[in-house]
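Top line first, the protein sequences correspond to chains X and E. The first sequence: position 15 = 15 (my numbering), numbered continuously. The second sequence: position 177 = 504 (my numbering), numbered continuously.
None of these hints come from the bench; they were simulated from the model. Just to be clear, a hint being listed does not mean it is correct.
As the list claims (entries may be wrong) - In silico negatives: residues of chain X with every beta carbon more than 12 Å from chain E:
(1) G15
(2) V121
(3) W142
(4) N144
(5) L283
Stated by the list, open to error - In silico contact screen, one side only, chain X against chain E (beta carbon under 7 Å); selected entries:
(6) R183
(7) T184
(8) T185
(9) Y191
(10) A192
(11) G195
(12) N196
(13) A199
(14) A203
(15) G204
(16) G262
(17) I263
Just so it is clear, CB atoms sit at the ideal spot from N, CA and C, and this is done for glycine as well.
Here is how the chains run, residue by residue.
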Amino acid sequence: MLKRLITSREALLVGAIVLLLALISSRFPGFITPANLANVFNDTSPLILLAIGQMIVILTKCIDLSVAANLALTGMVVSMVNVAAPGLPIIVILVIAIGLGTLLGMINGVLVWKLAIPPIVVTLGTMTIFRGIIFVISDGKWVNSHEMSPAFKAFPRTELLGLPVLGWIAILAVIVFTIVMTRTTLGRAFYAAGGNPHAATYAGINVGKTQFWAFTISGALAGLTGYLWVSRFAVSYVDIAGGFELDVVAACVIGGVSIMGGIGTVAGALLGALFLGIIKNALPVVDISPFWQLAISGGAIIVAVALNAQANREKGRIILKRAEQAS
Amino acid sequence: MLKKSDSAIPSEGSTVQTAILALDGITKTFPGVKALSEVSLHLIPGKVTALIGENGAGKSTVVKILTGIYQPDGGAILVDGQPTTFPAPQAAADNGVTAIHQETVLFDELSVAENIFLGHAPRGAFGLIDRKTMNQKAGEILDGVGAKIEPDHKLKDLGIANKHLVAIARALSIDARVVIMDEPTAALSHKEIEELYELVESLKAQGKAILFISHKFDEIFRIADNYTVFRDGQLIGDGAIADVTEADLVKMMVGRDVSQIFPQRTPNPGDDILKVAGYSHPTEFEDIGFTLRTGEILGFYGLVGAGRSEFMQALFGMTRPSAGTVEIDGASVQIKSPADAVDHGIVYVPEDRGKQGAILDLPIFQNVTLPSLGRLSKNGFLKLAEEFKLAREYTERLDLRAASLDTHVGNLSGGNQQKVVIAKWLATQPKVIILDEPTKGVDIGSKAAVHEFMAELAAQGLAVIMVSSEIPEILGMSDRVIVMREGRMVAELSDKDLQPETLVRHAAGI
Numbered sequence: 001m002l003k004r005l006i007t008s009r010e011a012l013l014v015g016a017i018v019l020l021l022a023l024i025s026s027r028f029p030g031f032i033t034p035a036n037l038a039n040v041f042n043d044t045s046p047l048i049l050l051a052i053g054q055m056i057v058i059l060t061k062c063i064d065l066s067v068a069a070n071l072a073l074t075g076m077v078v079s080m081v082n083v084a085a086p087g088l089p090i091i092v093i094l095v096i097a098i099g100l101g102t103l104l105g106m107i108n109g110v111l112v113w114k115l116a117i118p119p120i121v122v123t124l125g126t127m128t129i130f131r132g133i134i135f136v137i138s139d140g141k142w143v144n145s146h147e148m149s150p151a152f153k154a155f156p157r158t159e160l161l162g163l164p165v166l167g168w169i170a171i172l173a174v175i176v177f178t179i180v181m182t183r184t185t186l187g188r189a190f191y192a193a194g195g196n197p198h199a200a201t202y203a204g205i206n207v208g209k210t211q212f213w214a215f216t217i218s219g220a221l222a223g224l225t226g227y228l229w230v231s232r233f234a235v236s237y238v239d240i241a242g243g244f245e246l247d248v249v250a251a252c253v254i255g256g257v258s259i260m261g262g263i264g265t266v267a268g269a270l271l272g273a274l275f276l277g278i279i280k281n282a283l284p285v286v287d288i289s290p291f292w293q294l295a296i297s298g299g300a301i302i303v304a305v306a307l308n309a310q311a312n313r314e315k316g317r318i319i320l321k322r323a324e325q326a327s
Numbered sequence: 328m329l330k331k332s333d334s335a336i337p338s339e340g341s342t343v344q345t346a347i348l349a350l351d352g353i354t355k356t357f358p359g360v361k362a363l364s365e366v367s368l369h370l371i372p373g374k375v376t377a378l379i380g381e382n383g384a385g386k387s388t389v390v391k392i393l394t395g396i397y398q399p400d401g402g403a404i405l406v407d408g409q410p411t412t413f414p415a416p417q418a419a420a421d422n423g424v425t426a427i428h429q430e431t432v433l434f435d436e437l438s439v440a441e442n443i444f445l446g447h448a449p450r451g452a453f454g455l456i457d458r459k460t461m462n463q464k465a466g467e468i469l470d471g472v473g474a475k476i477e478p479d480h481k482l483k484d485l486g487i488a489n490k491h492l493v494a495i496a497r498a499l500s501i502d503a504r505v506v507i508m509d510e511p512t513a514a515l516s517h518k519e520i521e522e523l524y525e526l527v528e529s530l531k532a533q534g535k536a537i538l539f540i541s542h543k544f545d546e547i548f549r550i551a552d553n554y555t556v557f558r559d560g561q562l563i564g565d566g567a568i569a570d571v572t573e574a575d576l577v578k579m580m581v582g583r584d585v586s587q588i589f590p591q592r593t594p595n596p597g598d599d600i601l602k603v604a605g606y607s608h609p610t611e612f613e614d615i616g617f618t619l620r621t622g623e624i625l626g627f628y629g630l631v632g633a634g635r636s637e638f639m640q641a642l643f644g645m646t647r648p649s650a651g652t653v654e655i656d657g658a659s660v661q662i663k664s665p666a667d668a669v670d671h672g673i674v675y676v677p678e679d680r681g682k683q684g685a686i687l688d689l690p691i692f693q694n695v696t697l698p699s700l701g702r703l704s705k706n707g708f709l710k711l712a713e714e715f716k717l718a719r720e721y722t723e724r725l726d727l728r729a730a731s732l733d734t735h736v737g738n739l740s741g742g743n744q745q746k747v748v749i750a751k752w753l754a755t756q757p758k759v760i761i762l763d764e765p766t767k768g769v770d771i772g773s774k775a776a777v778h779e780f781m782a783e784l785a786a787q788g789l790a791v792i793m794v795s796s797e798i799p800e801i802l803g804m805s806d807r808v809i810v811m812r813e814g815r816m817v818a819e820l821s822d823k824d825l826q827p828e829t830l831v832r833h834a835a836g837i
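Please model the entire structure based on the sequences and the hints provided.
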């Protein structure tokens, strides 16, 4: 099982991350202390959570551009709920965040499934609508740190065994969705629907419904991340996580998720997100301008896609050799 | 080989001199596979040469060498008897070689004239495209091929036959001397095929050399002058079509006598398994009803567009009927989705197997178990051990050779991929299997294998429904035949009523 999970693509990425860490530590040894690595992981957790959801969506030949807007809207709603009712327990806040995110994801899913609108159009539209709604409900005002209750802000920062709850939630999500993707019929349906929609249909899989569930999961994770984000940064406003959906897609692509659908793993999404997270955290430390970060992550995307294309080309050659062995 | 072709092709002098385009001793090797081994081919002006061979015989490799996409490893390409090379597709085009593909490679959103002149449009002032001249020239070429098409219409507004004419006009616009037609009739109706024949005749009259690739013997004998047969990348024979019979060509193609194409069966129908009554759809079919027994092969015959596939798709739950009932094993069932159909033991292997086939990025075992996951899971969680067991059982039954069931299907050979698809459907343990055009586009050798497999399924007690437009196949395989015309059942034939003439009469409504 484990062997099947860690295909060469993931192994390659692990190698790249180790190399990256080695390079950074040669200039700044402090970067690879356990405490700092835990810090980097915690900082990357929102990206990991969203990348898992996005990976599932991309797997089904779709894309979800509305994740960051979903995150921002859910974050604003729970912030305003917290301001209105500071005594509400955190578990209720979590239920609201996941529930609202799920609902927003379902809206995307229904539009893709029932109206057969191309996913890029649907989520481009809902992205703008979600941001618009934030403005409407907040009047464009910020919810600031001093307005939020201490419990609301403390939850993601509480440390357990040296890692804040935020990081633990990311680890939990990785475990849960690894099981979902490899051990459930729904997980199998995601791969089948994206790998060959026609074959999936004839095998009794409802491709549209499968895509609906992918958007629903993506939405739920975005909603959860929405609360974690606003409480961690202790601020909520219209533009939080602006453009973050592109980081999320980038993490997936770097993690070996095929933009054509049907190929991708939770481990890949995790590693892609970590790769970007390490770059983001390391550049200021080793005294490189953060502006380089954009260029470097852009370069990483192109290298990743080129490597994937190369892998596919090699696959073509293998077919001929085996064809000869078989005959 | 050369000596043989000299004697076989009736010509004034040596064929090498009269051929506009010839291949001489061409060899092409891919890593691990010898695709072509010292093959020769002669294309004579004013003649249609049919290139015949099973799938994998090397036909498409030859086309790619002739059009400059592949470079041969050995041998010579002769243009007007002079050795030359086609280092790139443009070089082949410059020498007047053009190919019209099975699926027309044209641009829907461009106008007819733009399609014809794409890449070599007439230029006017400042190097801009001279639309007026282009439309006028396009009109002349279209008139020349007898097409009544306006040059300024968008391509997407044309029917498939007219699109083919545009493709041919495009070929003519670059002064083609050699026209390669790769299964040009595959998507055409009867009438359109007749029009295509006329066009081929007119191209012949203009002195073009035509290479015609087809699986259909009737059209080969109708329009070809010469033939060239390939088998396993080797030239097996060539000569004038008038000197051979269909049986000779089949023998050359498959390397053996195909006297008994259809397997001998002793039909032994058992109990009623599927009962359909009054099945109707608002626009596609009406009042379809029949009873199917275990161990029986029921043929569905009709012209293309008679509503057979549409009915099968409704029966499989892909579309909803407006009326009608289905009984399986005597119990009335509602089939609302393909998943329902699979649950009730009905599986459908559609016509377009290229698209419906296997999921290449998934391992073998996941492909095989895909339609059976409902049975192999509990509360949505997969029982992996049972999944593996089922996959192993059915792949072993079909003698599938692979390193491991974890191997991705994309890494298997075509034949093994097909076995995965078959194993997938058998693993659902179906009661009824619907095969839609099971041998369409399949070469003769593989056809026999498919037919034997069908006979085996029926012998094991499966009820088989076969939709086919090929009369020999319908007659050779079916125990009973239902003929459909314009969405209705017009006849149910069995035993001595099963005659080609009867089928055609009912299907055409004569």
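For each hint, the structure was consulted:
Consistency note on G15/X: stated as away from chain E, and its beta-carbon is indeed over 12 Å from all of that chain's, at 22 Å minimum. Distance check on V121/X: its Cβ is at least 19 Å (rounded) from any Cβ of chain E, clearing the 12 Å threshold; non-interface status holds. Interface exclusion of W142/X from chain E stands, the closest Cβ pair being 42 Å apart, more than 12 Å. The Cβ of N144/X sits about 43 Å from the closest Cβ of chain E, beyond the 12 Å cut-off, so the non-interface label holds.
In this structure L283/X is separated from chain E by more than 12 Å, as the shortest Cβ-Cβ distance comes to about 35 Å. About 5 Å separates the beta-carbon of R183/X from the nearest beta-carbon of chain E, less than 7 Å, and the hint is met. For the restraint placing T184/X at the interface with chain E, the shortest Cβ-Cβ distance is roughly 5 Å, inside the 7 Å limit, so the hint holds. Taken as an interface hint, T185/X checks out: its beta carbon lies about 5 Å from the nearest beta carbon of chain E, inside 7 Å.
Annotation: Y191/X was flagged as interfacial toward chain E, and the flag holds, the nearest CB pair being 6 Å apart, inside 7 Å. Interface hint at A192/X: satisfied, since its Cβ lies 6 Å from the closest Cβ of chain E, which is below the 7 Å cut-off. Proximity of G195/X to chain E holds as hinted, the smallest CB-CB distance being about 4 Å (cut-off 7 Å). For N196/X, the interface hint holds, since its Cβ comes within 7 Å of a Cβ in chain E; the closest pair sits about 4 Å apart.
For A199/X, the interface hint holds, since its Cβ comes within 7 Å of a Cβ in chain E; the closest pair sits about 5 Å apart. A least Cβ separation of about 4 Å between A203/X and chain E falls short of the 7 Å threshold, and the interface hint therefore holds. The interface hint given for G204/X is met, as the beta carbon of that residue sits about 4 Å from the closest beta carbon of chain E, less than 7 Å. Interface restraint check: G262/X against chain E, minimum CB-CB distance 5 Å, threshold 7 Å, status holds.
Annotation: interface hint on I263/X holds; nearest CB of chain E at approximately 5 Å, less than 7 Å.
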